[in-house]
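Line order of the protein sequences matches chains D and R.
If you count the first sequence from 1, position 76 lands on 81 in my numbering, and the numbers rise without skipping.
If you count the second sequence from 1, position 12 lands on 14 in my numbering, and the numbers rise without skipping.
Certain hints may be false.
Straight-line distance between alpha carbons at most 35 angstroms, and here's what the computed DSBU-like set of lysine-lysine pairs gives [unchecked claim]:
#1 D:63 <-> R:160
#2 D:47 <-> R:74
#3 D:258 <-> D:277
#4 R:6 <-> D:28
#5 D:34 <-> R:17
#6 D:181 <-> R:123
#7 R:75 <-> R:124
#8 D:273 <-> D:245
Some chain D residues flagged as far from chain R (calculated, every beta-carbon gap over 10 angstroms) [what the hints assert, rightly or not]:
#9 8
#10 12
#11 21
#12 32
#13 46
#14 63
#15 67
#16 114
#17 153
#18 176
#19 263
#20 270
#21 282
Since the hints were derived computationally from the structure, they do not count as laboratory data.
Virtual Cβ for every residue (Gly too), placed ideally from N, Cα, C.
Listed below, chain by chain, are the residues.
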Amino acid sequence: MMPPAFEYYAPTGVDEVIDLLEKYGDDAKILAGGQSLIPLLKSRITAIPYLISLSGIKDLSYITESSNATRIGAMTVDSDLEYSDTIRKRYPILMDALGKLADPLVRNMGTVGGNISHGDPSNDLPAVMLALKATFVARGRGGNRNIKARDFFLDTFTTALEHDEVLTEISIPVWKEHSGGSYVKFEKGTWNFSVAGSAVQLRLENGAVVEAGIAITSMGPKAMYIPEAEDYLLGKKFHKSVISEAADIVVEKSQPSPDTYGSVEYKKNILKRITMEALENAFRRSGGVK
Amino acid sequence: MTEKEVSITINGETKTAEVEPRMLLVHFIREIAGLTGTHVGCDTTNCGACTVIMDGRAVKSCTILAVQADGKKITTIEGLSKTPGKLHPVQKAFVDKHGLQCGYCTSGMVLTSFWLLNKKKKVSEEEIREAISGNLCRCTGYESIVDSIEEAQRNLEKEGEYTEEEIPVRRGR
Numbered sequence: 006m007m008p009p010a011f012e013y014y015a016p017t018g019v020d021e022v023i024d025l026l027e028k029y030g031d032d033a034k035i036l037a038g039g040q041s042l043i044p045l046l047k048s049r050i051t052a053i054p055y056l057i058s059l060s061g062i063k064d065l066s067y068i069t070e071s072s073n074a075t076r077i078g079a080m081t082v083d084s085d086l087e088y089s090d091t092i093r094k095r096y097p098i099l100m101d102a103l104g105k106l107a108d109p110l111v112r113n114m115g116t117v118g119g120n121i122s123h124g125d126p127s128n129d130l131p132a133v134m135l136a137l138k139a140t141f142v143a144r145g146r147g148g149n150r151n152i153k154a155r156d157f158f159l160d161t162f163t164t165a166l167e168h169d170e171v172l173t174e175i176s177i178p179v180w181k182e183h184s185g186g187s188y189v190k191f192e193k194g195t196w197n198f199s200v201a202g203s204a205v206q207l208r209l210e211n212g213a214v215v216e217a218g219i220a221i222t223s224m225g226p227k228a229m230y231i232p233e234a235e236d237y238l239l240g241k242k243f244h245k246s247v248i249s250e251a252a253d254i255v256v257e258k259s260q261p262s263p264d265t266y267g268s269v270e271y272k273k274n275i276l277k278r279i280t281m282e283a284l285e286n287a288f289r290r291s292g293g294v295k
Numbered sequence: 003m004t005e006k007e008v009s010i011t012i013n014g015e016t017k018t019a020e021v022e023p024r025m026l027l028v029h030f031i032r033e034i035a036g037l038t039g040t041h042v043g044c045d046t047t048n049c050g051a052c053t054v055i056m057d058g059r060a061v062k063s064c065t066i067l068a069v070q071a072d073g074k075k076i077t078t079i080e081g082l083s084k085t086p087g088k089l090h091p092v093q094k095a096f097v098d099k100h101g102l103q104c105g106y107c108t109s110g111m112v113l114t115s116f117w118l119l120n121k122k123k124k125v126s127e128e129e130i131r132e133a134i135s136g137n138l139c140r141c142t143g144y145e146s147i148v149d150s151i152e153e154a155q156r157n158l159e160k161e162g163e164y165t166e167e168e169i170p171v172r173r174g175r
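Chain R with its partners taken away, still in its complex shape (with noise of 0.2 angstroms):
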């Protein structure tokens, strides 16, 4: 099969590489990138794991091939926080909230927190539970990340944070 050059913007530096058009964009993030906060959880769209930020949507990158993310620009948990060390206020939420156990859901997590956050504010519980429906944790029973995530929305809110500059999401409802 005939490989295709694919250039991918990910947390803002572009990668150009010749792939398989059957390569995955979540092997690309790991593999051609070396960004390996990306994970493959179920591999079979359930999970969420591998959720990353695509042209302004969270998206389940094990379900999306390199090749049709040619041109577009990525977030993933890497590219969140704006300064080295320091964690992103939904990041820190969790943290402080003890949304993770094992914590290999949790970049899934919360990167779609914080396109759930961007996307619209003030959000009531129930959005945020609908909004995790396709990120699966199996060790927290969700409270806590149900918590972690009111906290981060609490955190944006003081510290007005929301990174519509940095990185665009895509509003709705």
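Pulled out of the complex, with its shape left as it was, chain D reads as follows (with noise of 0.2 angstroms):
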């Protein structure tokens, strides 16, 4: 299928990039790896007119580790944080997500940056940086701009980022010791999207939660983060009726819709189990489990 006819660069710097999506206004979109993009041209449910590709950009695919935070350039690619030993090390919940995203030869060429600037309520990364409280580098006119992960989602497809605004790095924070997170998702068969995805991540002290990140794919508008269920756990230790009732606050406050994937009911239900299971991983890989 081909998509509508557009007219294509490929610029070598971001300031090329910002000075055509200045130029072409709302009839420019940026193209990543295209892994969503490119699907959507081709069944016609959208057209642009202009296509801004940063493939031509070298400096945008990176992974740097440093004590406090991991950087990952918006460009890099989604199998290449899975090889990497830095994000198996330090983000258990991200190795999960990227194990479970689309599949292996959709991650050999989608990207980091495209999955999150998406906004797609059914991506998996969303969710994933919403509960490690990650932030994002945004680079525009005036210079760089940090929009933290918990403002950056703002509808379905719609995004904190500015019409002239390239997403340029995502700045992970390291979470300290007895800490650790997990990612479950719930779908049928690879090629669909998920009925439902729960991404949990916790760190301890002394057995109870001192911090805790939690939210939700593919169950509203958009991805979803749960302060409710957050705040709830705070000063809790492992226990399966903690676990239940946290996952409770987070079906109550999930706006799923009924869809071909299921019901309400049914999707609340299937969010019910897997944030009880990435609850109990999480706890587990904190070292909260005895």
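Both chains come to you apart, so use the hints to assemble them.
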């Protein structure tokens, strides 16, 4: 299937990308790996007169670690994260998500920045970034702007990126000792969107939660974090009743719509089960399960 | 719209053409390079019949624009065997273990298998099944394909025919 015709640019610098975004306004869109955008163009769900590829920009693909953060270039291919020792060591939650993200061939082309800035509520990385309390770097005419993941996802396909801004970097804080996370996704086959996904990141002291990040996929108009469940967990130790109650709060705050993947009741049942599983994994990985 | 000049090296041979930016890589391979071993199956990023190796990674060529592949190195099923008339060990394993029936998915399956077996030595059955989760086969029920990939792994070990020089593959877990 042919996408509708468009003009294509592949500039070698971010400044030129911003020039083009300013020039063409809403008629322009950035192309990263294209694993979401190209199917949308081919099926003619959308048409974009001016496509600006970031593939010509050399320095947007990297993973660097420092003592307090891990910085990921927006054009880093998903599978490069999967193979990274830094990511494996620091963020088991992200490894969970990457292993279930589309299929291995799509992960060989899709990018981290694309997955996030697309703003699709079914994409897996937004919920993980919300749970990890990541920060995104957007570059615009006036320079760089930091946007917290928690201020980034506004609505379906709508993010806090201004039209003439480019997402250039994802910065994930280092979670200190006795922390761990998990992402559990329920899908009906690799080729489908998920029914639901649940991301949990915890940090414990003496077995009790001192910091929590909880967010969900495919259960509302956007990837949603659930502060009520995070607050509930503070001071709590691992217990079946604790993870069940926390999962109930997540379910209560979710906003699923009925569709071909299931009814609201069905989706909420799935969310309860996978959130309990993610919570238990996160407690175990933080050393909180005896 | 403005046509773009694109140069893509396919199986060691560089093809240059002026193409519409909306042309998909799979059509560049089939129609401009004339290599029809790469198939168009679902055309919606699901089935993997269009799988090729691009700069060391197995990717779906129906979901890449030809302009995105400008300057890149691609291996298709036609470029896998170094010797004309002789099958690559992965191809031979698919023949020996009945890894195909109608053959439509086969070029994609073989290239994904080649990528898997070169990026990581010693893969488990579970890793094989995970690796081909983006390649659909409607004939075999996958059992004989998994057998074929295990056989291919044994072939490659025996013959030492990992093609690190000719077709570099991005290393990974």
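Unsatisfied constraints (hint numbers, rising): Violated: hints 1, 9, 10, 13 and 16.
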